[in-house]
Every structure is written in C-alpha cells, then in structure tokens.
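Undergrad: Spelled out from the first residue to the last, the chains are:
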Amino acid sequence: MSGIGKSNEKWILLAPAITVLLLITALPFVQTFGQSFTDAKITALDRPTLWIGLENYIYALSDPYFREAIGRTLYFTITSVGLEVIIGVGVALLLNQAFRGRTLMRALIILPWAVPTIVNALAWRLIYHPDYGALNSILLQTGLIDNYRSWLGDPKMAMNMVILADVWKNFPLIAYVALASLQTIPGDLLKAAAVEGARPWKRFRAITLPWIMGPLMVVLILRMIEAFRVFDIIYIMTRGGPSDSTKTASFYVYQEYFNYLRSGSGSSYAIIVAGISAVLILAYYVGTRQQNNGANA
Amino acid sequence: MKRRPLHSVLLYTAVLFLAIFTLAPLVWLVLMSISTPTDLTTVPLNWIPSQIDLSRYAQLLNINDGSGARFLAALRNSMLTAGGATLIALIVAIPAAYAFTRRGAPMILLFVFLATIMMPPITYVLPLYQIFGSFGMLNNTVTLIIVYCALLLPFATWLMKANLDVLPIEIEHAAFMEGASTITTLRRVVLPLALPAIAATGMLSFLVAWDEFFYALIFTSDMSAKTLPVTIADFAAGRVTDYGVIAAVGVLATLPPAILAIAFQRFIVSGLVAGSVKG
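Chain order of the listed sequences is A and B.
Count the first sequence with the working numbering and you get residues 126 to 422, in order.
Count the second sequence with the working numbering and you get residues -16 to 262, in order.
Some hints could be false.
Some but not every residue of chain B turned toward chain A, in silico, with C-beta under 10 Å [what the hints assert, rightly or not]:
(1) M62
(2) L63
(3) G66
(4) L70
(5) I71
(6) F94
(7) L169
(8) L211
(9) V234
Which residues of chain B face chain A? A partial, calculated answer using Cβ under 10 Å [what the hints assert, rightly or not]:
(10) L37
(11) A41
(12) A72
Just so you know, the hints here were simulated from the structure itself, not pulled from any lab data.
Predicted model only: the values in this text are computed from it and were never measured.
Each residue gets a CB set at the ideal place from its N, CA and C atoms; glycine is no exception.
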C-alpha cells in the first residue's frame, strides 16, 4: 500500500499537523507537568516561584475533597455511560425491527446529538426548575408528586438529574453504532436459531450480543473518556453544587486555577486526572486494535 | 412470518415512547420560547400557549436591542471561529491523512494525535492561557481558531485517512508516472475524488467547534470574541426573569446543527459510527 516512492515525503506532509499539535497540546502539557512541582500562583505580583517537589501530589492524594471529586466523576462516568449503553442498545434493537416510520425514527434520534451541549444543559435546567419546571408540573398533574421539588437543589438527587440530561443527549451515538453493527448480522443466523427453538432472549445472548460486542466496547470506552472530562453540563446546571454534590474533577481543577488561582497545585490535580484519562485512552487503543484485527481476519 | 398482534402492540408502544423521549425536551424548549411569560409562570404549567408570542425572536434578531446585539455578535463569533478552525484543520489534515494512507506514516502516530485531544482540556488550558495572555491574545477570535484547529485536527485527519484508504490508487500511479509532484497529485487527483469525504469531515468538525465551551469560557471576555455557548451561559446565569428568552436563544443556537444533522443524516451518522469505532 504504502509507497509511490519518496518515503521521507511523509514527514513533510505531516509537518504542519505535528507542529500544531506540539504547540497547542504537547507544549502546554509539559508546562502543566512542570508547574505541578511548584507553588506557582496566578497573580500579577512579581513573586518567585519555588520548586517544591512532590508536595502538591502528596497533598492532592490526601485531600478528601479532591478524592470525593474523583469518586463523583467516576460515578457520573459509569452511571451515565452504563445507561447510555442500555438505552442505546435497546433503541438499536427497536430500530432494527420492521415497522412503519422506521426511516423517520432513525433520522429523528440524531436530534439530541445535534443539540449543543450548553443548550442541552440549559433546556434540562429549565425542565427541572423548582418553581416553573416542566418536570414538576407533569408529575403534579399526573399525581405522582404532591408538591413541587427542587430537583437540582437536593444534594442526594442533583447528580442523578444531571446524568439523566447527559444520557438524553448521548444515547444516540451508541444507538447508531449498535444499529450499524446489528445490520451486519446475517439474517440466516438468527432464523436458524429461531427454527431450533431458541427464545428471543437466548438468541440475543447467544448471537446478537456477542456480534455487536466489539464495536460496543469501543464506543463505550470512547464515551467514558468523554464523560470523565465532564465540565460544560455541570457549569450550566449546578456549578458543582448543591454542597459540592456535583463537583467533578474537571470542575475542581477549574476552580483551583481560576477561583483560587493556585496554578501549581491545580496543575498537580490536572496531571492526576490526565493519568486516569490515559488509562482509558490506552484501553481505547487496545480495543480499536482488536476490533480492526478481528475485522481483517 | 406473520407477526402476532401482541408483538405489534408492544413494538409500536416502544416506538411511541422513544419518539416522546427524544422529542419532548425539544418541543418543550420551542414551546417555552413562544409562550407568554404569564403562561410560563403558571403553576401547574399551561402547556399549550394561550397565545403565540414571537417577541423574543424579534428581540434576539434585532441588533439595536441589548440582548439582540449580544446574541448576534455571538452568532458572528461562533461562525467565524468554527468556520475558520474547520477550514484550517482541513488544510492541515488532508496532507497528513495522505501521509498515513499512501506514504506509510506509522499508524501509532495517528493514535498519538487522537490521544492528545482525548485528554481533559484542563491539562492544557492554563499554559495556553498564560502563553496567549503574554502575547496579548486573550479575548481574540484568532486565538480560539488556533486552539480549535488543534482540537479538530486529529479527528479530521483520522476521518480523511479512512476515506482516502478506499480510493483507487491506480490514478495516482498514473499521475506519478507522468511526473506529477505529490502536491499536484493531491490537488488535481485526490481532492476531487475525496470531495464527499471532505464535506463530511468538514461538517463534523464544524459541529464540534460550534459546540465547544470550555476554552471559549476561559479565553474570551466580551462581545468581541465570546461564542454562542459562552453567551448562552451568560444568558442563563444572568438575572433574566423571562425564561422564554433563554429558551429562544437555545432554539436559535440549535437550529444550524439540527438542520445540518437532519439534512446530511446519512453522511453524519456514517462518519460518527466510523469515527468512534474504527481506529
């Protein structure tokens, strides 16, 4: 495949891309890493920055608030992506059936994906509004609650309400990936199983699920990588509150930088978060490689 | 195989539920944007507007109105930022993709490209803020275009590569035999064939940039550079007593991506699926 000669040419073709990424991602990463070993602050004052070794990291790892933020972020990531997978696969199975209006429904579910993240957060904040929200109104009118509630004002409930909003926006991606994979299952395979008397649930477990598992795992990890960075929806819906119950890792670092102006210690938090992301990114790499090797075999 | 009636009932019930789940939040957002403030503050709600009130849209699209001026400036900034970043990202990504497809550049490098943008932005944001600040380039559309270019580049390269992979190599061979340089071959032979792929990549990149909030929040501070997501956040955080205005801003910001997504649905879905599963 690779060659119409001139093998060094690839580096010329790649040079602009590599330059952009070095300047905008690699260089800042190295600087964040460097600052994480200092007591740097964001300030106009001319104060000397001291090298303090691992002190920020030792503090970060023993900081209960930061550990809670990491825990919350993992909860958000796992719950959100877990629900997206369940709903996404369910929707894909549905859209793979023959029914009137199927083409329209397949087109329709792209809408949540197309809604900008900020608008999604805003729409759900209005839906959850404690005084005039649609959710309160519906539940009251159907008799499911007696009094209006403050959905985002209750520390026990807020995170789950944010998760619901996130799931609504992101289930279509998983549904489309699962659907694309479902469409490649040879019909004969399922028919043969049906003739042999396998019940639908058994057919799903024995044939469908293993068939779509590869792509599903890859998109699941991709969504986890994205969910772990969560910031926008939190910023709009709750600003980390009430009583820090939705303060995720990215939001924690953001505040450390721009509210408390501690760039040194903030950088150490950022590097720890990046380390966790790196594990997920590596898993994505392994997943896609297996995917491609499997497809070629 | 004839379907049992019970099966049909279950099937169509499920379809109905899906349609409601998908559409209800959007329908409600639109309804809010055209309901009178009184309808919106009735307890429990008045679902069907007692009269249709289009005044927010008139207000937001009027440059002489305070909210309108902010909204229209943000719209301009978002168009410039997302459009500019997409254009530059494509110009940089196409030769890079060609290097991976036809010049044997190591695939691990493409994965490293992708890994850089999978990292949380908090890893990069502070040094970028400090560097651009030291050049006096904060609150500047050009700065956002540069940062977004890096953000779009890996995915654009990947998507272009996947599409170039399936182009027939014979024509390029022929061009090479006639002594055409790589740049000429790219421009005259590859680009025309790859136009649909470029359009799909461009569209997806534009949507990603249109959606970006975090960098814009930190790098911009007034109407001259604030993008739509940041302006929407301002509207939502401000002491707006009429939720209809906030809803109307949301509807207007959703229209461009929603129209693109519906009009080019096949294109976008296949790009999305390929983009998230293969690597």
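Undergrad: Could you run down the list of hints and mark each one as holding or not?
TA: A quick look at each hint next to the structure:
With 10 Å as the threshold, the beta carbon of B/M62 stays out of range of chain A, its nearest partner Cβ sitting at about 14 Å, so the hint is violated. Hint status for B/L63 relative to chain A: violated, with the closest Cβ pair at about 17 Å, above 10 Å. Evaluation of the B/G66 hint against chain A yields a violated restraint, the C-beta minimum of about 16 Å exceeding 10 Å. A distance limit of 10 Å between C-beta atoms decides the matter here; for B/L70 the minimum to chain A is near 13 Å, and the interface restraint is violated.
At its closest, the beta carbon of B/I71 sits 9 Å from a beta carbon of chain A; the interface hint therefore holds under the 10 Å criterion. Evaluation of the B/F94 hint against chain A yields a held restraint, the C-beta minimum of about 6 Å falling below 10 Å. Contact between B/L169 and chain A, as hinted, is supported at the beta carbon level, the nearest pair being about 9 Å apart and thus within 10 Å. A least Cβ separation of about 7 Å between B/L211 and chain A falls short of the 10 Å threshold, and the interface hint therefore holds.
At about 8 Å, the closest approach between the beta carbon of B/V234 and any beta carbon in chain A falls short of 10 Å, and the interface hint on this residue holds. Checking B/L37 against chain A by beta carbon gives a least distance of about 19 Å; that is not within 10 Å, so the hint is violated. The restraint placing B/A41 at the interface with chain A is violated, with a minimum CB-CB distance near 20 Å, outside the 10 Å limit. Checking B/A72 against chain A: minimum C-beta separation of about 9 Å stays under 10 Å; hint holds.
Going down the numbered hints, you'll see the structure goes against 1, 2, 3, 4, 10, 11, while the others check out.
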